[in-house]
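Trainee: Chain by chain, the residues run as shown.
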Amino acid sequence: MAAKRITREYAEISESPPSGINVSLDNDNVHKWNVVMAGPEGSPYAGGTFHLSLTLPPEYPFKAPVLSFKTRIYHPNVTNDEKGSMCIGILKSESWKPSSKILAVLLAVQDLLREPVPDDALEAQIADKFKNDRPGFERDAKDAVKRWAK
Amino acid sequence: MDSDDEYMSGLSSEGEDNILQDESDEEGSDGDDFGFEDDEEPEPDLGYSQKDSVKKEKKSFDINFKVYHPADIQTQQDELINEVNMILDIRKEDAAILLRHFRWNKERLIEDYMDRPNKVLESAGLGPSTSGLQLESIMGFTCDICYEDDGTQTFAMKCGHRYCVDCYKQYLGQKIIEEGEAARIQCPNDGCKRIMDSKSLDLLVTADLQQRYHEILTRTFVEDKDHLKWCPAPDCQNAIECGIKKKDLDKVVPTVACDCKHRFCFGCGIPDHQPAPCDLVKKWLKKCADDSETANWISANTKECPKCGSTIEKNGGCNHMTCRKCKNEFCWMCMGIWSEHGTSWYNCNRFEEKSGSEARDAQAKSRISLERYLHYYNRYANHELSAKLDKDLYQKTEKKMIQLQTASGMSWIEVQYLNTASQALQTCRQTLKWTYAFAFYLARNNLTIMFEDNQKDLEMAVEALSEMFEKPVTELADAKLKVDIMDKTSYCNKRRVILLADTADNLANGVWSWGISF
Ligand SMILES: [Zn+2]
Ligand SMILES: [Zn+2]
Ligand SMILES: [Zn+2]
Ligand SMILES: [Zn+2]
Ligand SMILES: [Zn+2]
Ligand SMILES: [Zn+2]
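Sequences listed follow chains Y and U, in order.
Using my numbering, read the first sequence as starting at 1 and increasing by one per residue.
Using my numbering, read the second sequence as starting at 1 and increasing by one per residue.
So that you can see chain Y by itself, here it is in the shape it has in the complex (with noise of 0.2 Å):
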């Protein structure tokens, strides 16, 4: 039942992509989702290209997606390692509502590289430096984007 609802979804998305963003399905897996997105201008991931993948669920949309950033990013919301887990408010269990749609949680993506949310933080070092050094944060972000990003 789901089907019809995920195709829409995705012709919706990669027919008319917001900007900086890009989807395609992952061997043809309307399950699995490869997200391509830019960093935001403005933001120290500016010219940075971050590869994503959003997995479905099988009981999507009554289960959230899960999203995890392939390319190894500087941000205190997503895990500094290899798996690139984040932590996005509108992926928890008790704000995700089956109403809720893929292009929002990639909207709230982008929003999160503009604006990262120190308090609900997965790196507590990277979100302390966040918090009260912030040229060296952004320097670091910016020379993490340099290594990994490019």
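Certain hints may be false.
Here are the computed lysine-lysine pairs in the DSSO-like style, where the Cα-Cα straight-line distance is at most 30 Å [what the hints assert, rightly or not]:
no., chain 1, residue 1, chain 2, residue 2
1, U, LYS261, U, LYS119
2, Y, LYS92, U, LYS199
3, Y, LYS4, Y, LYS32
4, U, LYS169, Y, LYS63
5, U, LYS92, Y, LYS97
6, Y, LYS101, U, LYS169
7, U, LYS199, Y, LYS63
8, Y, LYS92, U, LYS225
9, Y, LYS92, U, LYS119
10, Y, LYS97, U, LYS225
11, U, LYS119, Y, LYS97
12, Y, LYS92, U, LYS193
13, U, LYS399, U, LYS488
14, U, LYS261, U, LYS314
15, U, LYS169, Y, LYS32
16, U, LYS158, Y, LYS92
17, U, LYS193, Y, LYS63
18, U, LYS261, U, LYS456
19, U, LYS193, Y, LYS101
20, U, LYS158, Y, LYS4
21, Y, LYS4, U, LYS456
22, U, LYS199, Y, LYS97
23, U, LYS399, Y, LYS92
24, U, LYS282, U, LYS388
25, U, LYS158, Y, LYS63
26, Y, LYS70, Y, LYS97
27, U, LYS199, Y, LYS101
28, Y, LYS101, U, LYS158
29, Y, LYS97, U, LYS193
30, Y, LYS97, U, LYS488
31, U, LYS229, U, LYS388
32, Y, LYS97, U, LYS158
Computed, partial: chain Y to chain U, Cβ under 7 Å [said to hold, decoys possible]:
no., residue
33, LYS4
34, ARG5
35, CYS87
36, LYS97
37, PRO98
38, SER99
39, SER100
40, LYS150
Since the hints were derived computationally from the structure, they do not count as laboratory data.
Even for Gly, the Cβ is constructed at its ideal location relative to N, Cα and C.
With chain Y's structure known, arrange chain U with the ligands on it following the hints.
Mentor: This is chain U with the ligands only, laid out in the frame that chain Y set:
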């Protein structure tokens, strides 16, 4: 009967009947209800049964509590809902949602609602209404969840967010079954905080799911109310109500007894730990866990005879050991000579503090503090072990009694004194166990000495009963021994009450002085 041949005073240790062991290791889970008939036992009932309308003499360590069975819990909720329904003149489903939002604080809900009804409704997820509650087929409707437009039935709560019934079903199933949610299920619309009410739910899901939903709601009711707690016994569905306040937990040890017989502390939820207060218990358990390495050897089931060195196995709760080989009688706890244990100058329970001169350097000090800890830990752990062994022994004995009954024609009721004795042993050992944790933290003064005297009296009574308990079945059936056991049982219970009452009074009055803080 050549019982001298046994390590212990009578029971064979051939390891038969092992199937009966480990029925339930949870200490204290049945240490309740000594089962006296009122007329044969002058001491008031220790069963803490609050159901008795005529409450017997209340002891200073008893606290008030009430046991709620599942039906009572439902009734309590229904009554509150009905009251709010009448006073505020709102639907029962909405009254339920409001009450849950206010964690069942009816007074505060009514007050706030009277002040600002719309704000209260909004924050509880009962915002303005736009439509009625029914299933509808609407031409040309596309469901925003599944994107289907095949004209199936649809539904919307009062917020007007309409989806097809199939999507509602899946959504509710996901929330209730997978996430265990009930009281806070919101409208499926992204951003809508409207709470799913039970009437809407009943329209949408199967009876199974409705039942599960209501079970979870009931659970939330107990968890939301400060003075209610679930009985922690496995498979028990009852809840206990007790008005004890957190700030009073240093003055009272609130042991409650569920109708299922499980006795536990309302303050911290672990099995009855009177006379020790919750904070002390927490600290003690942490210490035991941290020092488990050091203390491990203690809980061993075998030791060597202090006289001839042969291996002695403990297979009953009793501490009076008789070496099979050299006939030496000694105490399992302190390895001292048993005959001296009955005398007034012998103290197996008291730790003799060494004089300060011996403990000049730090190393000696730390050795003494370890010895002191081990003294108390030993006795604490031993009662835990003995309670289990006593229980195993009782089960073996019971089996033999049944055989004996069929052979001798004695009735079931006539051997119940053994059950009563076994339960008294369990409860007294549970108390004794915690007296050692308690004593570990006490400073040495007159009150402590009185406490240790009470502790010793209870120790001796319990050991005597435990020893009788280990007599072979043929002797147990003897009328004289039966009377002795019954007398000793009631004496043990009496000593326990004295010890607990004394300790509780001092705790309530804040007069204990502690040598080690907790
Ligand atoms: Zn639908
Ligand atoms: Zn809604
Ligand atoms: Zn219970
Ligand atoms: Zn407690
Ligand atoms: Zn010996
Ligand atoms: Zn001893």
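Trainee: Compare the structure with the hints numbered earlier in the document and write down the numbers of the violated ones, lowest to highest.
Mentor: 1, 21, 23, 30, 35, 40
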